[in-house]
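Asker: The chain contents come next:
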Amino acid sequence: MAFLKEALKQLFQKPATLKYPYEKLTVPKDFRGRPIWDMKKCIGCGLCSNVCPSGAIEMIGKGLEAEINHYVDRCMFCGQCAEICPENAIRMSEEYELADFDRSKMLHEYKKHS
Amino acid sequence: MSHGSIIKVPFGPQHPALKEPENFLFEVDGEIVVDVKPRLGYNHRGIEKAFELRTYIQNIYLAERICGICSDAHTTCYTQAIEELLNVELPPRARYIRVVIAELERIHSHALWVGIAAHEIGFDTLFMYVWRDRERVLDLFEMISGNRIHYAMNTIGGVRRDIHAAMVPKIIKGLDFFEERLRFYLDVVKTEQTILKRTAGVGILKPRDAVNLCAVGPTLRASGIRNDVRSDDPYAAYDEIPFSVITHDDCDVLSRLLVRCEEMLESIEIIRYALDSMPEGIIRVQVPKKVPQGEVVSRVEAPRGELIHYAKSNGTTKPERYKVRSPTLANIPALCKMLLGGYVADIPIVLAGIDPCFACMDRMAFVDIKQNKKWVWTMQQLRRKYAKE
Amino acid sequence: MGLDYAAVKKEVRKRMTAETIVSLIRILVFPGAMFLFALAFFYEWVDRKFFARLQNRYGPLHTGPHGILQPLADFLKLLSKEDITPHASDRLVFALAPVLYLALPLTTLFVIPVLDPTSFIAFEGDLIFVLFAFTLIIITVFLAGWSSINRFSTIGSMRAVLQMLGYEIPMGLVTVGTAIAVRSLSISRIVEWQSLHFWLILLQPLGFAIFTVCLLAELQFVPFDIPEAETEIVAGWRTEFSGRKLALLRLGKDLELVLASALIASLYLGGPQQFWLIPPIVIFLVKTTFAVMLLSLLRAVFARFRIDQMLSGMWKYLLPLATLQIILIQAGLGG
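Protein chains in written order, with our numbering: chain A, 1 to 114; chain B, 1001 to 1389; chain C, 2001 to 2335.
Please keep in mind that the hints were generated in silico from the structure rather than gathered at the bench.
Keep in mind that the hints are not guaranteed to be accurate.
[Stated by the list, open to error] With the Cβ distance kept under 8 Å, some of the chain B side facing chain A (calculated, not the full set):
hint : residue
1    : R1054
2    : Q1058
3    : Y1061
4    : D1187
5    : V1188
6    : S1244
7    : H1248
[As the list claims (entries may be wrong)] Straight-line distance between alpha carbons at most 35 Å, and here's what the computed DSBU-like set of lysine-lysine pairs gives:
hint : chain 1 : residue 1 : chain 2 : residue 2
8    : B       : K1289     : A       : K14
9    : A       : K5        : B       : K1190
10   : B       : K1206     : C       : K2316
11   : A       : K111      : A       : K19
12   : A       : K14       : B       : K1019
13   : B       : K1049     : A       : K62
14   : B       : K1289     : A       : K5
15   : B       : K1197     : A       : K105
16   : B       : K1173     : B       : K1008
17   : B       : K1289     : A       : K29
18   : A       : K19       : C       : K2049
19   : C       : K2014     : B       : K1197
20   : A       : K9        : B       : K1019
All values derive from a computational prediction rather than experimental measurement.
Quick reminder that beta carbons are idealized off the backbone N, C-alpha and C, glycines included.
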């Protein structure tokens, strides 16, 4: 009978479902979303590209002129690249709504600005 | 109900009762199960080979993805194995944080299981309620580790993120809320007539059979055997935290349900103790990239039972051989024993009773390079070779 | 001198055509088939919404205001899907079973009062006709599963027939109990009697409880959804049906829900009666919606029984209680 009371009580409470996409939750601090490179700090060491477990990071060139290609559809958001970067150039952002119909949108290119 | 005609009913690989693909061929006489032949391996992904191709750091994330629900157990087991090979000592704070995460994972995994078990017996309302309350635990994970599943907290030499002092009151509040809901569900399970009718006396596994067929985890503890890696062979900080091993003597699905619910309560106590007495200090130590030659076996108590990892290193940055024996594999022979003689209607709940995680389990293909032969061991062959009836 | 046969024939034909047209409208549109289909979709929505709210979630939400068009959307979607008939199945029975499953509750609904205290077709003994229709529905379920040849369907049909053996007798007993109180076997008379005296639920509460439990079993709602237990035998007797046939099966199930709630409303809650200025049909809708919500509530708070537990429970508890109800009525305690 306790269960019956519990069930009837739910009738008067707001449903627990979130009406996504009209209502969205805010993500907490230090959420592991899409990694973003700050090319001003990047020194082109290649550590992020070597350590990535799924091969989602491609470094083009070497040294201070290097560019980064990040494939979001391969990324598993583990944060190992951000951890190992010696210059703290990689930040795990809050973006998680990354799905798309277009495969080419999955590639994020980070080029050097002079 | 039986007219001497036996129907073969296949369960899987796609079936609403199974959350993951596996095949069980039941021979059914009316409503009674007379034989069951499992065929495993639908989730085989070649993970053990993949381990050999990646560096030790990359393998942490591969180990994590062996299973979504018990991901932390796999990373704990893996990092423990490699730390043993490297002969590093973990800082005390890291050991306590590992305990907190492991127990939070146990809570979320058992809560998920209670919901699934309720769904299997047709009790959708309880399923919805439990999963709604489990969301609080997942929110705690998101706050601590940045992700709800695949927390990636462990690394070789410690943990990657700290549990800051600001997080602790939120964790305690979440645990208090969950404990109150848990006590309500425990009360429901013990008193609701329809649940009792479907789970009491169903899927019996006698203690002798449980030991002979090498059952592990809550399945074993529900048959009265006091066996838990956390107390038999302590790892992380379990030797410093007092807790009790939960057993029940009825050997049926109801016992397994009660063992898991009470283990959740016990986990909440462990987390409170660990947060209270967490030592200060660093959370990780630096480790070299190359691991010296050696072999190691490491085991942890995953939510489903005893999880064993074996690693063989040869001085390079990649392991030479890695083997995973997950608890569900150990429970399959016991499962077959439980199903014989029961009703067809009981199959889903008994299957769910061992908390199957076939993603963890499928590593059954054997390849013999010398003889250039490969084969898959069927359950019959295993049973003939190893089971002592 | 004598009759003008041509004029008489013309007059008769004119009257018959007018009457025929009116009858056709009454059968096909209101309060006939179209109205009943709309009612079926409405009650499916009430059931899903109430069930969802009990589980702390929304239920259908975006199709139409508050999701009220969701059952219609599901029906139309199913009509547009591929209709696969298994190679080894008994084609004729397989194709006819959904049609029968739809037609039986529809026909039976004509004897239940909807618009006024007297139904569209009323005759002495229509209560027995309704019970007979319930049995026919289960036979249709059996044929549907049996002709599918699929293992899961076979188990589902066997379970459906076994379940029928459990609830048929208590249900028959308590409905006849209401007839005994009223001294008539016509549902319309029972409704009329209740408007003159009291609602039968006040006089026969035990009968009401037993009737509701048996209706749960007839509708295959939890705790008695054993023939179509999703987690055990995929979809039971319904496994092989897809596309149009599945659409008809679902509509048939909704019509059964209308039938069940209309029966509860007519036999125990007084049926459509004028209440001050509110027309009887609105009263009927209110009472049947209450009945649907009661069935939804019972569906939400129990787990599923096993077939042997259901049968033993029915025969050990429900049948003696139903007999007790009849004894009470005979002793003058039930009207």
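Asker: With reference to the structure, classify each hint as holding or not holding.
Answerer: Going down the list of hints, with the structure as the test:
The beta carbon of B:R1054 comes within 7 Å of a beta carbon in chain A, closer than 8 Å, and the hint placing it at the interface holds. Taking 8 Å as the C-beta cut-off, the interface hint given for B:Q1058 holds, the closest approach to chain A being about 4 Å. Given hint, B:Y1061 at the interface with chain A, holds; its Cβ is 4 Å from that chain's nearest Cβ, closer than 8 Å. Satisfaction of the interface hint for B:D1187 is found here, the shortest Cβ-Cβ separation to chain A being roughly 7 Å, below the 8 Å cut-off.
Proximity of B:V1188 to chain A holds as hinted, the smallest CB-CB distance being about 5 Å (cut-off 8 Å). With a cut of 8 Å, the hint placing B:S1244 at the interface with chain A is violated, because the nearest CB-to-CB distance is about 27 Å. Because the closest C-beta pair between B:H1248 and chain A is about 22 Å apart, greater than 8 Å, the hint is violated. For the suggested pair B:K1289 and A:K14, the alpha carbons sit about 53 Å apart, so the restraint of at most 35 Å is broken.
With a C-alpha separation of about 17 Å, the suggested pair A:K5 and B:K1190 falls inside the 35 Å cut-off, and the hint holds. Simply put, B:K1206 and C:K2316 have alpha-carbon atoms about 31 Å apart, close enough for the 35 Å limit, and the pair holds. Of the pairs offered as hints, the one joining A:K111 and A:K19 is violated, with about 38 Å between alpha carbons and a cut-off of 35 Å exceeded. Between the alpha carbons of A:K14 and B:K1019 the distance comes to roughly 30 Å, so the proposed pair stays at or under 35 Å and holds.
Note on B:K1049 and A:K62: the hinted pairing holds, with a Cα-Cα distance of about 32 Å set against a maximum of 35 Å. About 59 Å separates the Cα atoms of B:K1289 and A:K5, which puts this hinted pair outside 35 Å; it is violated. At most 35 Å may separate the alpha-carbon atoms for a hinted pair to count; B:K1197 and A:K105 exceed this at roughly 54 Å. Straight-line distance between C-alpha atoms of B:K1173 and B:K1008 comes to about 51 Å, which puts the hinted pair past the 35 Å bound.
Distance restraint check for B:K1289 and A:K29: the Cα-Cα separation of roughly 31 Å lies within the 35 Å cut-off, and the hinted pair is therefore satisfied. With a C-alpha separation of about 16 Å, the suggested pair A:K19 and C:K2049 falls inside the 35 Å cut-off, and the hint holds. Distance restraint check for C:K2014 and B:K1197: the Cα-Cα separation of roughly 66 Å exceeds the 35 Å cut-off, and the hinted pair is therefore not satisfied. Between A:K9 and B:K1019 the alpha-carbon distance is near 31 Å, which keeps this suggested pair within the 35 Å criterion.
The structure does not agree with the numbered hints 6, 7, 8, 11, 14, 15, 16 and 19 stated previously, though it agrees with the rest.
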